[in-house]
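Visitor: Chains as they are written, first to last, in the working numbering: chain F, 1 to 197; chain Y, 1 to 197.
It should be emphasised that the hints constitute simulated quantities derived from the structure, not laboratory data. Do not rely on the hints blindly, as some may be mistaken.
The list makes no distinction among identical chains, and a pair is therefore deemed to hold if it is satisfied within one copy or across any two copies.
[Claimed, not checked] In silico BS3-like pairs for lysine-lysine, Cα to Cα no more than 30 angstroms straight-line:
no.: 1; residue 1: 114; residue 2: 17
no.: 2; residue 1: 130; residue 2: 17
no.: 3; residue 1: 130; residue 2: 114
no.: 4; residue 1: 194; residue 2: 114
There are 2 protein chains.
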Amino acid sequence: MITIYGDPISGNCLKVKWTCERLAIPFAWIDVNVVNRETRTDAFLAMNPAGQVPIIVLDDGRTLAQSNAIILHLAEGSALIPADPYDRAKMFEWLFWEQYSHEPSIAVVRFQVKYLGRPRAEVDAALIAKAEAALGLMDRALEGRRFLVADQLTLADVALVAYTRFAHDGGFVLADYPAVDAWVRRVETELPIKEPR
Amino acid sequence: MITIYGDPISGNCLKVKWTCERLAIPFAWIDVNVVNRETRTDAFLAMNPAGQVPIIVLDDGRTLAQSNAIILHLAEGSALIPADPYDRAKMFEWLFWEQYSHEPSIAVVRFQVKYLGRPRAEVDAALIAKAEAALGLMDRALEGRRFLVADQLTLADVALVAYTRFAHDGGFVLADYPAVDAWVRRVETELPIKEPR
Chain F
1 MITIYGDPIS
11 GNCLKVKWTC
21 ERLAIPFAWI
31 DVNVVNRETR
41 TDAFLAMNPA
51 GQVPIIVLDD
61 GRTLAQSNAI
71 ILHLAEGSAL
81 IPADPYDRAK
91 MFEWLFWEQY
101 SHEPSIAVVR
111 FQVKYLGRPR
121 AEVDAALIAK
131 AEAALGLMDR
141 ALEGRRFLVA
151 DQLTLADVAL
161 VAYTRFAHDG
171 GFVLADYPAV
181 DAWVRRVETE
191 LPIKEPR
Chain Y
1 MITIYGDPIS
11 GNCLKVKWTC
21 ERLAIPFAWI
31 DVNVVNRETR
41 TDAFLAMNPA
51 GQVPIIVLDD
61 GRTLAQSNAI
71 ILHLAEGSAL
81 IPADPYDRAK
91 MFEWLFWEQY
101 SHEPSIAVVR
111 FQVKYLGRPR
121 AEVDAALIAK
131 AEAALGLMDR
141 ALEGRRFLVA
151 DQLTLADVAL
161 VAYTRFAHDG
171 GFVLADYPAV
181 DAWVRRVETE
191 LPIKEPR
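The following block holds chain F by itself, in its conformation from the complex (with noise of 0.2 angstroms):
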């Protein structure tokens, strides 16, 4: 049985226990505080020295890191990745644009205001542009379809779900980008997602 650390605010830790729960992979949680530094500890820096959740713990005692290189070691072989290529490759491309141009926004500005208490008029403007452009463009390339990659539930979709539907605690209106409106309920049912928005 594998073990997840993780803090149940990190969208990209619950990427992987959604990913387990879709698979039927029995896993145990264990939590570990973002907000109390509990990523910085030394028994923790000796499992990631990277400081970051999450990781797992496979049977053997050895780790994994990085949210995304996690969710594609469990679901090897499985319908969460594509059969075609290109497919493959598209999902692959979603994935790093998630780590880059995504997660680095949408999931800092929702910390900032909801976990720091950070007024929202105070966070970084050129931040929240940022978010707003890579709502425009999943909202964009969502536009006529059910999932980001060749009409299948992708970890692609496991990915980006995760802080989209959390936009709204950084001040963003799903609403505004109905695609993605749409396609995030979609994914909560398909998933499916049990923790509440």
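Got chain F; can you put chain Y on it based on the hints?
Guide: Here is chain Y on its own, set in the frame of chain F:
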């Protein structure tokens, strides 16, 4: 034959070129000047709505973006991707870490100093600290190792060497990270990389 749209000053673009050269994949290269904002023209945005290089265009006209997604697609089935599932997962861990923690600090400091002409003393100190932390983490990971994963050259090395070998452009001193310094020279020889540092 695939076409690479890239800027030769971009490590992300060179990753794609090196992967093609290593695997003897024929390609055409079309220069796209980032500093002149040629990634923001309507014609380019039609190919990649994210407005970033590199992209590749396949034989059939379909496009693919995100450097690490591209090299994964090109290297599928080759020795640049480890066969062992855990080794492959560790390669993915490095690829996502590169895009989240390494490129946004090391490449961005380099770009500001070398290409925007910003004096290094005026670069955000937190960004420099993040870059130094990334180099330190790599140095500890590489101690006693030839390559990042599984004692073989993998896409993790291709992706991480891209901006690490240009870190001096941002004022970082690789000699302060001796395991990284030796690894850069090893990867440059092994790939091999022809572009001067």
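Visitor: Now look at each hint and say whether the structure bears it out.
Guide: For each hint, the structure was consulted:
{"no.": "1", "hint": "114 with 17", "result": "within (22 angstroms within a copy, 43 angstroms between copies)"}
{"no.": "2", "hint": "130 with 17", "result": "both (28 angstroms within a copy, 29 angstroms between copies)"}
{"no.": "3", "hint": "130 with 114", "result": "both (18 angstroms within a copy, 24 angstroms between copies)"}
{"no.": "4", "hint": "194 with 114", "result": "within (21 angstroms within a copy, 48 angstroms between copies)"}
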